[in-house]
Structures are given as C-alpha cells and as structure tokens.
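K.L.:
Residue strings, one per chain:
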Amino acid sequence: MLDAIDKDLLKTVADLEGLPKGAFNIRKNGKLLKREVSANINIESNADGSGIVVTIKPGTINESVHIPVILSQAGLYDVVYNNFIIGEGSDVTIIAGCGIHCGTLEPEGHAGIHEFRVGKGAKVKYVEKHYASGPGRGRRTLNPTTKVFLEAGATAEMELTQIGGVDEANRTNEATLGPDSLLLITERVLTEGNQKAVSANTIILAGAGSRANMISRSVIKGDSEQDFYATMEALAPCFGHIECDAIIMDNGRNDTVPSLKARHPDAALTHEASIGKIASDQLMKLMSLGLTYDEAVNRIIQGFLK
Amino acid sequence: MLELKDLYFSVSGRNIIDGMSYTFEKGKFYSITGPNGSGKTTLAKLIMGINPVSSGSISFQGKEISSLSITERAREGIAYSFQQPARFKGITFRDLLSMAAGTDDEAMLLALLRRVGICSLSFLDNPVDAKLSGGEIKKIELATTIARNPKLAIYDEPDTGIDLWTIQPMVRLLKREQKEHGTTTVVVSHNRAFLEAADIVLMISEGKLVYKGDLKGALPMLNDLSVCNYRKCVGDKDVGCYR
Numbered sequence: 001m002l003d004a005i006d007k008d009l010l011k012t013v014a015d016l017e018g019l020p021k022g023a024f025n026i027r028k029n030g031k032l033l034k035r036e037v038s039a040n041i042n043i044e045s046n047a048d049g050s051g052i053v054v055t056i057k058p059g060t061i062n063e064s065v066h067i068p069v070i071l072s073q074a075g076l077y078d079v080v081y082n083n084f085i086i087g088e089g090s091d092v093t094i095i096a097g098c099g100i101h102c103g104t105l106e107p108e109g110h111a112g113i114h115e116f117r118v119g120k121g122a123k124v125k126y127v128e129k130h131y132a133s134g135p136g137r138g139r140r141t142l143n144p145t146t147k148v149f150l151e152a153g154a155t156a157e158m159e160l161t162q163i164g165g166v167d168e169a170n171r172t173n174e175a176t177l178g179p180d181s182l183l184l185i186t187e188r189v190l191t192e193g194n195q196k197a198v199s200a201n202t203i204i205l206a207g208a209g210s211r212a213n214m215i216s217r218s219v220i221k222g223d224s225e226q227d228f229y230a231t232m233e234a235l236a237p238c239f240g241h242i243e244c245d246a247i248i249m250d251n252g253r254n255d256t257v258p259s260l261k262a263r264h265p266d267a268a269l270t271h272e273a274s275i276g277k278i279a280s281d282q283l284m285k286l287m288s289l290g291l292t293y294d295e296a297v298n299r300i301i302q303g304f305l306k
Numbered sequence: 001m002l003e004l005k006d007l008y009f010s011v012s013g014r015n016i017i018d019g020m021s022y023t024f025e026k027g028k029f030y031s032i033t034g035p036n037g038s039g040k041t042t043l044a045k046l047i048m049g050i051n052p053v054s055s056g057s058i059s060f061q062g063k064e065i066s067s068l069s070i071t072e073r074a075r076e077g078i079a080y081s082f083q084q085p086a087r088f089k090g091i092t093f094r095d096l097l098s099m100a101a102g103t104d105d106e107a108m109l110l111a112l113l114r115r116v117g118i119c120s121l122s123f124l125d126n127p128v129d130a131k132l133s134g135g136e137i138k139k140i141e142l143a144t145t146i147a148r149n150p151k152l153a154i155y156d157e158p159d160t161g162i163d164l165w166t167i168q169p170m171v172r173l174l175k176r177e178q179k180e181h182g183t184t185t186v187v188v189s190h191n192r193a194f195l196e197a198a199d200i201v202l203m204i205s206e207g208k209l210v211y212k213g214d215l216k217g218a219l220p221m222l223n224d225l226s227v228c229n230y231r232k233c234v235g236d237k238d239v240g241c242y243r
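Just so you know, the protein sequences line up as chains X and R, in that order.
Just so you know, the numbering used here puts 192 at position 192 of the first sequence, and the rest follows in order with no gaps.
Just so you know, the numbering used here puts 120 at position 120 of the second sequence, and the rest follows in order with no gaps.
Keep in mind the hints are simulated off the structure, nothing from the lab.
Worth double-checking, as some hints may not be accurate.
Straight-line alpha carbon distances no greater than 20 Å define the calculated EDC-like cross-link-like pairs of lysine to aspartate or glutamate that follow [claimed, not checked]:
(1) R:K89 <-> X:E159
(2) R:K131 <-> X:E243
(3) R:K89 <-> X:E243
(4) R:K89 <-> X:E233
(5) R:K89 <-> X:D245
(6) X:K306 <-> R:D104
(7) R:K131 <-> X:D294
(8) R:K131 <-> X:D245
(9) R:K89 <-> X:D6
(10) R:K89 <-> X:D294
(11) X:K306 <-> R:D129
(12) R:K131 <-> X:D281
(13) X:K306 <-> R:D125
(14) R:K89 <-> X:E88
(15) X:K277 <-> R:D125
The model shown is predicted, which means the values in this text are computed figures rather than measured ones.
Chain R on its own, in the form it takes in the complex (with noise of 0.2 Å):
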C-alpha cells in the first residue's frame, strides 16, 4: 500500500536517506529502528511530506503522492505523530481532537478518547501548551493520530517522556488499531516492546535499508557495533551513539 522506490533525501550533498526502496503492505504493523541519525525520522517525514523527496518516488494506494502536501497527504488516509509535539497558545486538546476526527460532536469525541484509553476524560479541556509534561503532550499526540482514523499511521518515537507503566498499554492499543481497524502501522523506536509487537523489523542505518524481517533476526545486527553512525562505541558495554 506504500511503496519507495529509489528514495533520496540530501542536505548540503549528504544523503541522509540513500536510495531506499521498500514496499510496506496494507495493515501490518513495521517497526523503524536504528542508530541515531540514521535517517529514521528523515524517512518517516519524506513519507508525510514534511520533508520534500530529493528524487525517487512515494507511492501510496497505487498513487504517487511524492510531490503530494502534508494535507493532500492526511487527505488520502496518513496519519503522523510527531516525535516532538507543537505546542500552541489558546488550543485545546478537545480543539485538536475535533479537527483530527472533522466532529466536534461531544458524544464522538467521548468515544474517541474511550477507543484510545490512555488520555483521560479530564484531558479534553486543557490546552495545548508548554504547561503539559512531556508524557501528557505525547498521549494527546497519539490521540489525535488515532482519531483520524488513518490508513497508515506514522508515530516517530511514541513513548518519548512516556512512563514505564503506559508503554505496554500504548502497544497494546496500536495492535489493537492494526487489527481492528486494519491500520497500516509504522512506528519509529529504539523500545524493544515496539519492536517486539512489530510484524516486521527495519533496520537503517546511514539512510540505506540494511534489514527488514523479524525482531529475532535483527538481534544480532542491534547488539553489532558497526552499524553506529558515530563510530564512538568502542566496547559491548560503550554505547556511546544511544542506540
């Protein structure tokens, strides 16, 4: 349902993705991870256009949608979460959650926040601003990425300032999404607990595809060393890149 073909994204002559060509098939659940700087959030943006391609092409339901803008994109079925959540002035979550589901029906939004679970019904009136904590920013991130009920649903680093104790229920929530709403899922993360619920793993480093497949069998490619962008690591305990 996603295919890249041939995918290029330079800045000042560096290719941070490096001719990536995959195709992401409709309603699995993909897991992105590798090394920091590898271009894992680079490629997730190039896919919602927050980036423009440098050549190659996107293709999404058979249409190519590379040269497509964010809205075009969101209008055809993506959803993205972003890493780091905008933070607004005078906007609500309750605001936001309209917008995202195209309702300000209070009884449907009510049902949205029940569908997602993690945000509680108290959230809906706050804004959207520098006073919300990290994890709370990021629950009403999700939320609004699962009220629009996309086709492909992007998270980039979902459980950033997330507790320990909500990461298995967000799991939880975006296999159920998968497997309810046949939700094509790509999230981008180091956390074993996502890469552990992935159909398939991705692997990149330095912008290429170096493996796609199961968690079991990218094992031993994440406990190699080689494949740290900065080459600081110098030992099995020096993780000196926080891969």
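With the rest of the complex left out, here is chain X (with noise of 0.2 Å):
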C-alpha cells in the first residue's frame, strides 16, 4: 500500500515510519489511502467529497491526529478543503504535512485550505510541513491556506514549515481570535534555485485580553524570492507581536511587511524585523570551535528554521 517513495515523503512530512496510530487520514494523488478514526476523534469525508472533518470530542485530552498528503502522479493539482472542529476544554496535536515526489517534467500542486475551530479553553497544536523532492524538472506548487477561530479562552499554537524543493507556494495564514484566547504561530520557509514564496497573514485580536505572537523565519538562498506580509489588527484590549527575520543568501530577494492596526485604545501591538545576511561575528564563533565555513553557514540555518 505504501510504496518507498510514500514512505520517505511520510517520514520527512510527518515524521511517520509506516502507518500512525490513533487516529488518522492519509491522501494519495487527491484520494483516501487510509483512515482510522478514535473513540474521541472522528475522520468523515465532507459532503462533496473535496476534503474531511475532523471532529474532537470536548475534554480529549493528549490525543493527536495525522492526516498527511502525498502526491506522486505527474500533471495532478490537488485541491483539498479539511474542516477541525475542536471540542471545548480538549487539548490535541494535529500532524498535517504535504510531499511532493515529482518524476516528470509535468507540474504537481496541492492547496490544502484548513479551517480550525478551536472551542472555549481548548488546545491545539497544528504541525504542518510542506516538502517537494524527486528527479523530474515539473513545477511543483504547495497553495496552503489556514483559517483559525478561536474562541474564549483557547490556544492555537502552529508551527508551519516549507523545508525545500518547492518552487512556488502562495501561503495565506488568517485567524480571527475570541477573550482571552492565545494563538502563536511560526512559520519557517527556505527557498532556493528560483522559487519563489509568497506568506500573507491576517490575524484579527477580536476579544478582550487576546493575544497573539507571530514568528517568521526565512531562508533565502540562490536566486529565489520570498514576501512576508502580515497583518494584525486589533479590536480590543489585547496584546500582539510580529517577528520575523530573514536570511538572505547569494542573490536572493525580500520583501518583509508587518502591518499593525490598533482600532483599540488599549491594544498594545509590537514588530521587530530584520532582513540580512549571516552575522559574520556568528560565523566566526563556530568556525573558532572548529567548522568550516560550510558547516557553519549549515549549522546557523538549521538553527534558525529549528
């Protein structure tokens, strides 16, 4: 059922060595491979077929559910819309995750549009990488889109990482956030050769005593092109930062716009942002401990998108 090359995007994607346990919902070339569903968490298909719901019981507590995506099949752009709907007072980990293996000179794309709603006081942690591998010179294209509501009281944290091998990838990240409700996302990408990478952002801090913190990491090497947008707006007494950073390597390019819009009196709302090559001072304290200057460059990236 799952050939080497699903085994290695699974293994690179979503850290699985064969099949998960819990519950689960694997995608291959745009349908089900397999799925497995808990007692407290359940994996149906929508009502027109394009994507899943995943519902969470409320009060499942130290659960996770993967549902990685993998794409093989030469010209296929695969389009997927999965719906989270997660139970109050729950906290679970959700694994998602796209490879792309392409042989052919054809193009292959996935766009996964997931739409999380986290109930009152619940956690959700939402792992997400997008990789793309294989000797075909096809164009391969990763649109993700996530849309996260959050009501009173509960927390998203999301981790979302491109790790290489894409060449075009237009991300949308949207979320609108409930009182007292935490949501923290970073977001790590690494372009190179002539990708290119677009990451758009609009969190909204609707609810009183919200907060938000956005990190984003970029590694930008050969000739290819990142923007960072990010908006965050804020209607309420709430507090919400943006950091992002990127690295800029050969000849690549950036572009890196934080936006932050107090509609409150009291919104406190903060950004840093820096755009640059390695500090040099950084590679000369790992090359004192004996790296080359490879090894150095190396290691500080690997650091930076850890």
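From these two lone chains plus the hints, build me the complex, please.
P.N.:
Have a look at this one:
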C-alpha cells in the first residue's frame, strides 16, 4: 500500500515510519489511501467529497491525529478542504503536511485549505510541513491556507514549515481571536534556486485579553524570492507581536511588510523585523569551534529554521 | 609555543599592531593589558586569524599559521573567547558545547559543565540569544572555549558583564585549566585579578609591546599617564581613557 517513495515522503513531512497510531487520514494523489478514527476523534469525508471533517470530542486530552497528503502523480493539482472542530477543553495535536515527489516534466501541486474552530478553553497544536523532491523538473506548487477561529480562552500553536524543493508557494494564514485566547504561529520557509514563496497573514485580535505572537523565519538562497506580509488588527484590549527575520544568501530577494492596526485604545501591538546576511560574528564563533565556513553556515541556518 | 615575529596590522595606513615580536611559552599564564585602543584585542584576533596580518609571521608549535583560516587554527589547538560573544536564533548552549567538545554525549557534556563550574546545569538548554544577560553569555563563551581542550586559550576581556562574586572563581578556573591541562593561557584584561594571576604581564601601548614581566614591574607603567593613547588624562585622578 505504501511504496518506498510514499514512506520517504511520510517520514519527511509527518515524521511517520509507516502508519501512525490513533486517528489518521492519509491522502494520496487526490484520493483517500487509509483512514482510522478513535473513540474521541472522528474523521469523515465532507458532503461534496472535497476533503475531510475532523471532529474532536470535548475534553479529549493528549491525543493526536495525523492527516498527511502525498503526491506523486504527474500533472495533478490536488485541492482539499479540511475542517477541524476542536471540542471545548480538549488538548490535542494535529500533524499535517504535504510531500510531493515529482518524477516527470509535468507540474504537480497541492492546495490544502484548513479551517480550525477551536472551542472554549481548548488547546490545539498544529504542525504542518511542506516538502517536494524527485528527479523530475515539473513545477511543484504548494498553496496552503489556514483559517483559525479561537473561542474564549482557546489556544492554538501553529508550526508551519516549508523545508525545500517547492518551486512556488502562496501561503495564507488567517486568524480571528476571541476573548482571552492565545495564538502562536511560527512559520519557517526555505527557498533556493528560482523558487518563489509568498506568505500573507492576517490576524484579528477581536476579543478582550487576546494575545497573538507571529514569528517568521525565512532563508532565501540562490536566486529565490520570498515575500512576507503580516497584518495584526486589534479590536479590543489585547497584545500582539510580529517577529520576522530573513537570512539572505547569494542573490536572494525579500520583501517583509509587517502591518499593525490598532482599533482600540488599549491595544498593544509591536513588531520587529530584520533582513540580512548571516552575521559574521556568528560565523566566526562557530569557525573558532572548529567548523568550516560551510559547516558554520549550515548549522546557523539549521538552528534558525529549527 | 607561539611566536610572533615582526607583526604588523595596518588599517588605512595606520599601524594598529606596530612591529610586534614575542614568544609565548608553553603552559604559562599571560595577561595582556594596556590602554583602550592600544591593540590588545587586535593582537588576540591576529593570533586566532579573525584579522589578517599585514606583515610578519605567527608560528604555533613550530608551524607557520598566519595564512591559516580560523577553522584551521582552531583545529591546531587554539581556542578563542570573544569579548562580545555572538548571539544566535535557534542555537542552544547544548548545541555550542557539543560543537566545541565534538560530542553530544550527555554524560560528557555534564562532566564539562562540572569542570567549568561557573555555569549552572539549567543553562544547558537555554537558547544563546539576545535574551541572555551579558554575564550569562560570557560564562557560556568561557565554557565553550574550555570544552575545546585547547593547547592555547585566548580570553578577550572574560570578566565583561560578570558579577564581582564570579570573577575570582573565574580566575581560579583558568589557573586550574592551566595547571591541570597545561593550557597556555592568554587573557586580555584590565582587571587586576587577572593581572595578579598571570605568570607574565604584557603591556601594549600604541600597537607596541612596551613591557613584559611580572605585575610588580608593570605597576609603575600602569600608573604612568603617558601610556594613555587618547592623551586625555590631565592628572592622577583623571582617567579619561578609562584604562
């Protein structure tokens, strides 16, 4: 059922050695490959068959659900709409991710549109990795969208990573925060060659006492390009912070545009942004520990994207 | 074990290191002192290969090293503790210590921490980032230098940002490393505690070595205002150059 390429992609995007334990849904080349549900986590196809609905019972603690997507069919652009309903007071981890293996000149792509409704006091950790590989020169596209709605006291921690091989990415993240809710987003994107990635983020702090922290780490190698846009809009007494750092190597190009909008007098919004080469003092320190220049560069980037 | 011969380092026609020659002996503890801007840190950086020599030679254990990279000098056995240590994003003290020691074995890393003594075990998984205090990052810097098991250890102002209560333990640590591991130790410092610990005090002024010997012999020069590079001091109590 899982061939060697599938296994390699699953290992890379979801840290899976074979099939996971607990609830999971593996999608391959636009079709369901295998699904398991658990006592507290239900997965079913949505009405029009364009994706899945994952429903987590209120009070579900320390459970996880894997929903990886693998693609190796030449010419396929797979679009999937997934909904996650996370019950009140639960504490769960969702591991997503998409791996593309391109073996031909034909393009391959995936767009995962994920909507999260996180119930009162619930906590969710969402881990999404995007990766493409293979000897084919077909264009590899990954266009993920996440929409998050946090109810009162809910927490969402999102780790979004694009770790290489993706020629084109249009990444969209949107979130609306209810009272006393907390959103932590860390996005890490590495581009090289002639790859392009755009990340557009809109976070609305709607509820009093809501907090959001968006961290973006970009590494731009070769002739690649990355643009990062982040808007944080405060409608209530709240705290929001955007931190975006980009390391440019070779001829990489980067636009970073953080935007803060205060629509309430008690809103506290901050941002810090930096774009530049690897700092020479970092390189010298690691070289003084015996690493070569190239080893030092790799180690710094590895840490930066960790 | 380290021989500097007719060493020059020039920037825009000005000699920052101005024809320096000196031989450091194996296993000795040296303190380099002198006024601000006299060339102490520049000399230390020339030895590590951080700055390139303009002319002259540096030989380490009989091997000419002035054209070697920082990496090559590190692998020859020279370790360097930066005055203002680098801060990273996503790299922890454990990562740096593992790189320095060449192992990520937990027991060996803990043994290293115990050997250094001044770093708490809880430090190990701290990111080496902008959130660390000046004192904490200097302790980490010191630990990564010792973890190299160097033949020659260079410490540039190791006491910067360190609280008063840690300076003596730090001096004792460097002396112990010298004694137990035979480490040739070079400390760039204005701090009297390091000058007192030294077997030999070297005093630099305007890029030249103006004194080599014990601290007692250096004191008249340290008290002599004429060594002020900036010529700011106008009386005994006026230390405009902060030397």
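K.L.:
For each hint, tell me whether it holds in the structure or not.
P.N.:
Right, here's what the structure says about each hint:
1. For the suggested pair K89 of chain R and E159 of chain X, the alpha carbons sit about 16 Å apart, so the restraint of at most 20 Å is met.
2. A distance of roughly 14 Å separates the Cα atoms of K131 of chain R and E243 of chain X; the hinted pair therefore holds under the 20 Å criterion.
3. Straight-line distance between C-alpha atoms of K89 of chain R and E243 of chain X comes to about 12 Å, which keeps the hinted pair within the 20 Å bound.
4. With a C-alpha separation of about 27 Å, the suggested pair K89 of chain R and E233 of chain X falls outside the 20 Å cut-off, and the hint is violated.
5. With a C-alpha separation of about 10 Å, the suggested pairing of K89 of chain R with D245 of chain X holds against the 20 Å cut-off.
6. Restraint check for K306 of chain X and D104 of chain R: the C-alpha separation of about 17 Å stays at or below 20 Å, so the hint holds.
7. Of the pairs offered as hints, the one joining K131 of chain R and D294 of chain X is violated, with about 27 Å between alpha carbons and a cut-off of 20 Å exceeded.
8. Restraint check for K131 of chain R and D245 of chain X: satisfied, since their Cα atoms lie roughly 16 Å apart, inside the 20 Å limit.
9. For the suggested pair K89 of chain R and D6 of chain X, the alpha carbons sit about 33 Å apart, so the restraint of at most 20 Å is broken.
10. For the given pair, K89 of chain R sits about 18 Å from D294 of chain X by alpha-carbon distance, which is consistent with the 20 Å threshold.
11. Note on K306 of chain X and D129 of chain R: the hinted pairing holds, with a Cα-Cα distance of about 14 Å set against a maximum of 20 Å.
12. With a CA separation close to 17 Å, the supplied pair K131 of chain R and D281 of chain X stays within the 20 Å bound.
13. Taken as a hint, the K306 of chain X and D125 of chain R pair is honoured in the structure, with Cα atoms around 14 Å apart against an allowance of 20 Å.
14. Under the criterion of a C-alpha separation no larger than 20 Å, the hint pairing K89 of chain R with E88 of chain X is inconsistent with the structure, at around 35 Å.
15. Of the supplied pair hints, the one linking K277 of chain X and D125 of chain R is violated, its CA atoms being roughly 26 Å apart against a limit of 20 Å.
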